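**Student:** Quick note on the working numbering: the sequence shown kicks off at 1 and runs consecutively.
No lab work stands behind these hints: they were computed from the structure.
There may be inaccurate statements among the hints.
Stated by the list, open to error - Below are the SDA-like pairs computed for lysine to any residue, each with C-alpha atoms no more than 20 angstroms apart in a straight line:
(1) Lys-471 <-> Leu-327
(2) Lys-199 <-> Gly-266
(3) Lys-496 <-> Glu-431
The model shown is predicted, which means the values in this text are computed figures rather than measured ones.
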Amino acid sequence: MNNKWYRIIESINFALGMLFIGFVLMRIGSIKTNGEVISLVISMCGYSGKLLVDAFPFVLAINYIGKTHKDVIPVIATMISYALLNVVTMFFAKTSFSATYYKEILGLSYETINASGNAIVKSPINLGIIASIIVIFIVMVSYKLSRKRYNYGMFVFIDNDIWFFLMTIVFTIVAGVVVSHEYGYLVMILNNIMNWISKNHSNPGVMYVYGLIRQILNVLGMEEILTNNFLFGNLGGSWVNSAEVTILGDINIWIEQYKANDISIGTGRYISASYIINLFAIPSLIVSYYVNVSDKIERNRSIGLVLLGIVTSLFGAATLPMELVLLFTAPVLLGMHITMCALIHLACGLTNTYLGCGAFGNPGFLATGNIYELIKYSRDVNLFPAVKRIVLIGIVVFIVYQILVFIFYRVLAHYFLEREKQIIEVKQYIENLGGISNIKKITSSATAIIVVLYDKEKINVRNIIDGKAYKVIERYYGYIINYGPGSTALCRKIRKEIKNYQDCLEYKA
Numbered sequence: 001m002n003n004k005w006y007r008i009i010e011s012i013n014f015a016l017g018m019l020f021i022g023f024v025l026m027r028i029g030s031i032k033t034n035g036e037v038i039s040l041v042i043s044m045c046g047y048s049g050k051l052l053v054d055a056f057p058f059v060l061a062i063n064y065i066g067k068t069h070k071d072v073i074p075v076i077a078t079m080i081s082y083a084l085l086n087v088v089t090m091f092f093a094k095t096s097f098s099a100t101y102y103k104e105i106l107g108l109s110y111e112t113i114n115a116s117g118n119a120i121v122k123s124p125i126n127l128g129i130i131a132s133i134i135v136i137f138i139v140m141v142s143y144k145l146s147r148k149r150y151n152y153g154m155f156v157f158i159d160n161d162i163w164f165f166l167m168t169i170v171f172t173i174v175a176g177v178v179v180s181h182e183y184g185y186l187v188m189i190l191n192n193i194m195n196w197i198s199k200n201h202s203n204p205g206v207m208y209v210y211g212l213i214r215q216i217l218n219v220l221g222m223e224e225i226l227t228n229n230f231l232f233g234n235l236g237g238s239w240v241n242s243a244e245v246t247i248l249g250d251i252n253i254w255i256e257q258y259k260a261n262d263i264s265i266g267t268g269r270y271i272s273a274s275y276i277i278n279l280f281a282i283p284s285l286i287v288s289y290y291v292n293v294s295d296k297i298e299r300n301r302s303i304g305l306v307l308l309g310i311v312t313s314l315f316g317a318a319t320l321p322m323e324l325v326l327l328f329t330a331p332v333l334l335g336m337h338i339t340m341c342a343l344i345h346l347a348c349g350l351t352n353t354y355l356g357c358g359a360f361g362n363p364g365f366l367a368t369g370n371i372y373e374l375i376k377y378s379r380d381v382n383l384f385p386a387v388k389r390i391v392l393i394g395i396v397v398f399i400v401y402q403i404l405v406f407i408f409y410r411v412l413a414h415y416f417l418e419r420e421k422q423i424i425e426v427k428q429y430i431e432n433l434g435g436i437s438n439i440k441k442i443t444s445s446a447t448a449i450i451v452v453l454y455d456k457e458k459i460n461v462r463n464i465i466d467g468k469a470y471k472v473i474e475r476y477y478g479y480i481i482n483y484g485p486g487s488t489a490l491c492r493k494i495r496k497e498i499k500n501y502q503d504c505l506e507y508k509a
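Build the full structure now, drawing on both the sequences and the hints.
**Tutor:** If you want it as structure tokens, here you go:
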């Protein structure tokens, strides 16, 4: 993996932090209270959080361009490009898709008349962070091309910045038209998959596919396309209550059946795995990250963030931020996590573990699977067996994640199938650090190597940067070498060489 990929995380830290805060505010907004003033404050938190979460792709693009270009012109171009891309899709995309494929991004929508003479409201199509990727690519390419322009010809009065804006606008319009046309194929594929899942939901293997698609869409910021259809729409099933009203969607059915004390077998099938993911899988990932930090200073610095991550994960606020962190720091581990989440859905189907949510909070802001509702349902005699199975599966998942992460960071992340490259890189790093005798102490975290040297003048930072490391930071206690997910494995190999060297000296003595 190119070291430029791992450097992306440093350019989007603000956007990830904003996303995390947005989810926390949304979970606060899901709380039900009786006091008028408190309810008003809680509702404000919920809507504010949703606003931050919805704005994440927009802020992500701005954050990345702002960090990488250090210039206000590309940032302004990014804002214009993102808004223009959504405007173009709003006008050129088909209006025949279901409502879940559209989203009022930046408040963009307009009312018009269709061919039948009926009034319709058009909104941009839901692209998630795909829109951010398109805009970032357009702005970077346009900026690079505009810097190569020579000031001659009949348009000499147009400077490089104006030329940059013109290219950005043209490329954005073209991209918007192309995306609007091709989006129909994505809609067709997703509709076929979702309809197939809905018709065969009793098959546990189908739930594996549901879990796989849901996690992939979640990473892309497009999970609403799936959840709105299954949790709140007709694909999640239907149920007629005592008032002869038809209830649609897994969450809505669960809430009504829970109130009527008449829960059908299978209700909550699209929700139950979320309890295991939020309460066991994500906390296990966070704990395993902390365990792989062998440096005491880094451990002390990260303990607060680790505890905050675990607590918020229990309320479903840390899943997407954690997955995006994995995307840019350990993509292979993210792939393993997505596969594990799909297997969790499969396990729930095989064991008939069904548990819904929404009975004790505002479904619009509530996380599917949180500690508060799990505790509430555990007090219900009829639901206690399902809660028990969720906890048992969760414990197994927690352990499996610990093993997977341990194997990944210690074995798989550093030239797993290329032993010769391992040996060569270990020797090169020892040489660039001034030799074995110059290394006083070497430790690691999940993404960096922390080294203390006897003589700082002997370190060759240029060679280290030219290798796989993407950043070297000098601290008062030593150097932090941002190497990527292979840091732990590389550190262990270097420490092994140091130990062999020390044993050799002792033997000679």
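**Student:** If a hint holds in the structure, say so; if it doesn't, say that too.
**Tutor:** Against the structure, the hints:
1. Lys-471 <-> Leu-327: 19 angstroms, holds
2. Lys-199 <-> Gly-266: 14 angstroms, holds
3. Lys-496 <-> Glu-431: Holds, at roughly 15 angstroms.
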